[in-house]
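Taken in sequence, the protein lines are chains A and B. FYI, the numbering for the first sequence is 1 to 429, going by the numbering used here. FYI, the numbering for the second sequence is 1 to 281, going by the numbering used here.
Worth flagging that the hints you see were computed from the coordinates, not collected in a lab. Bear in mind that the values here come from a model prediction, so they are computed numbers and not experimental data. One thing to keep in mind: the hints can contain errors.
[To be verified] The following label-pair restraints were derived from C-beta to C-beta distances:
#1 B:V96 / A:G149: 24 to 34 Å
#2 A:Q112 / B:G138: 53 to 63 Å
#3 A:M161 / B:M179: 49 to 59 Å
#4 B:V96 / A:I158: 32 to 42 Å
Even for Gly, the Cβ is constructed at its ideal location relative to N, Cα and C.
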Amino acid sequence: MSVRSSGREIRVGLVVVLALSALMALLALAGGGPGFLTDRRQIDVDFRNGQGIRPGSQVRIAGVESGRVMNVTLAEVEGSLRARVRLSVPADLASRMKEDARIAIESSLTGQTRVNILSIGQSHMALSPGKVLLGVETSMFDPILEQVGLGPVERSNISHMIGEVRQTLDDVTPKVRQIVGTIETTAASLKETSDSVRPVVVSAVANVDAATKRLAEASPRVESILAQVDTLTAQVNKSLSENRPNIQQTITSVRDLSSTLKQIVDRDQEKVSTLLEHAKGTMTRADLALYNTKQITDAGLLMMTRNKVDIERTVANVKDATEWGSKLVQKIYANPFVLSPLYKPTSEDVRVQSVYDSAQVFAGAAEKLDDSVKRLEQLASKPASQQQRDEIEVVRRQVLEVNSRVAQMSQQFSDGMKPRTRRGTPVGN
Amino acid sequence: MATTSPSASTAGPAPAFAGRPLNPFALIGYLGRLALLATSALRSVLRPARSGDRFLHQTAIQFDRLLASGMPMVGLVHVGLGSFLSMQAYFGATFVDGIGPVTGVGLIRNLAPLMTGFILAGVASARFVAELGAAESGSAEASRMVASRLAAAALAGPVLSVWGSLVGIAIGWLVAHQMMGLTLPAFFDMFLEMLWVRDIVGLVVKGAGFGFIATLLACHEGLSRPIHGEATANLESIYSSACRAVCLGGLAILFINGGWFLLVYHAGPAFGPTVLTPPRG
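Here chain A stands alone, though its shape is the one from the complex (with noise of 0.2 Å):
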């Protein structure tokens, strides 16, 4: 080998140089397994088993080598740890799979693990970059178990849809315990409204019982009556027949009559209607004055709620004038010298007529407290406002008032009542 280079031999040895460092650098990224000059993408997938994968171990899709393991690490996963394994796979196949790929480990009997992709899904969702995985566990047997259908996919659909059952349980359970809870509140309630109903019906049924025993002993009678409504109804059936021809003249009378009414209507119409209006004028004034009377009656009721003690008041007034002019018509027919202008009253009479003047007035004082006091209870009978009670107040006010009178008046009727002495004082005081 020569010392020296000449510089045509240094720059072909440069251009050798970079030819063999593109093509060291092609043999690097070739190293990284199929499609190494396809766009790859890694996917994320936790297995709680990693089965001792390492990173260049082989990924599978159907039994074809597809990609490379490119890491393994543990990761924390709803608190237990597991292994999640990086996978690098060609884009156009991650674009494929799906949300619910089914990715698992496999082990040969050689020992060797690689990745087996089983399925890319079947969601209408493609899967997201970065979504990490579940992986599918296997176990050796699983060529032998897939011959009964027993594979990693099927016994994954089986305990999702075991995990789905659960959940359908767990969500369904409460409302279910809550429809027996409502049942059985229900069978009680019936129970109870049963127990509390048995009494009525059993004597319900009971008097229907009687009932049905007096219909059946009453049956007789109804059949006899029925009999005799089966006669009558011949009877009548026969009468009509008789009479058919009279019913008949009767009914052509009935039409001719009204057609006869029809024909006065027709030609009278005018005046029908006229006749119409003046019942219905006459019907508006009547039902006028029936209201006007109702309006009277009304007020003459209310008038006679209201003033009743006063009319029962000039009742009795009007009663006692009678009968005081019946006394004085007793008093005259007894002495008929008291019209006489000559007539002189002894002193007895003045004394029987203080007397009598005395009572009167005791008697109108009672029959003024008897007013007052029905006013009072008339009052009191009703919802109190403060009219009424002031009323109320103006009645009770009065009856004092006549007590009081009625008290001394009474005094003076007794001691008038009393024979008196010579000096004229009464006999006892």
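With the hints as your guide, set chain B onto chain A.
Then chain B, alone, in the frame of chain A:
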């Protein structure tokens, strides 16, 4: 003509790598000279300097020499390889059906061209370093000599690789048959089933490439080795140049073999681009 070093001839045989400081520019220059030698050889074939140059004749002579010296060695090496692979396939994996693929596919896919390339690097270095010492580096004659040798080695490489594969497969079956009772169909059925087209293509491509690069290095070392006055010094320089050619050739063969494996096998299944189409069916 190779360079002459008077001081070296009087001072005795020089160590193999004496006087060669590690210099990046020297390495780049070395690679440049290799490339220039290859292009000059190709130019001499495409544009012969004078008429009457018997390129094909010389190539055939060199091809014959390479086969004559290479076939025995390749055959002997692959006898050992075939028998070892056959026994290891069974005793290591207890897998009778794997004996045929392990031996046959293993030899064809990797071992046969690799071992053939190493052997060819040794044979070429042993022969061409000494032969080309008399030629003047950069001359047309040297280019013609290199061209014929490169063509011969590129042809001999695949032939010797196939020869080595056949010897190894045959010996492998014989051993399996003798020691494990493996029948001929049992050996070859699985072997042929697992053999890919790319394996055959690789056998040819790698054989040619290994022969070419090994011969190129040997020719360059032969043309650039120092010529001494004394026979001993000359022998020493031949020896050191040849060793250097063999080592560098082996290194280049390993690099090419690894690159071929990565590009064609490791990175080229169904989901990735590949140089060759994978077998169908």
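Here is what the structure says about each hint:
no.: 1; hint: B:V96 / A:G149: 24 to 34 Å; in the structure: holds (32 Å)
no.: 2; hint: A:Q112 / B:G138: 53 to 63 Å; in the structure: holds (55 Å)
no.: 3; hint: A:M161 / B:M179: 49 to 59 Å; in the structure: holds (55 Å)
no.: 4; hint: B:V96 / A:I158: 32 to 42 Å; in the structure: holds (39 Å)
Checked against the numbered hints above, the structure breaks none of them.
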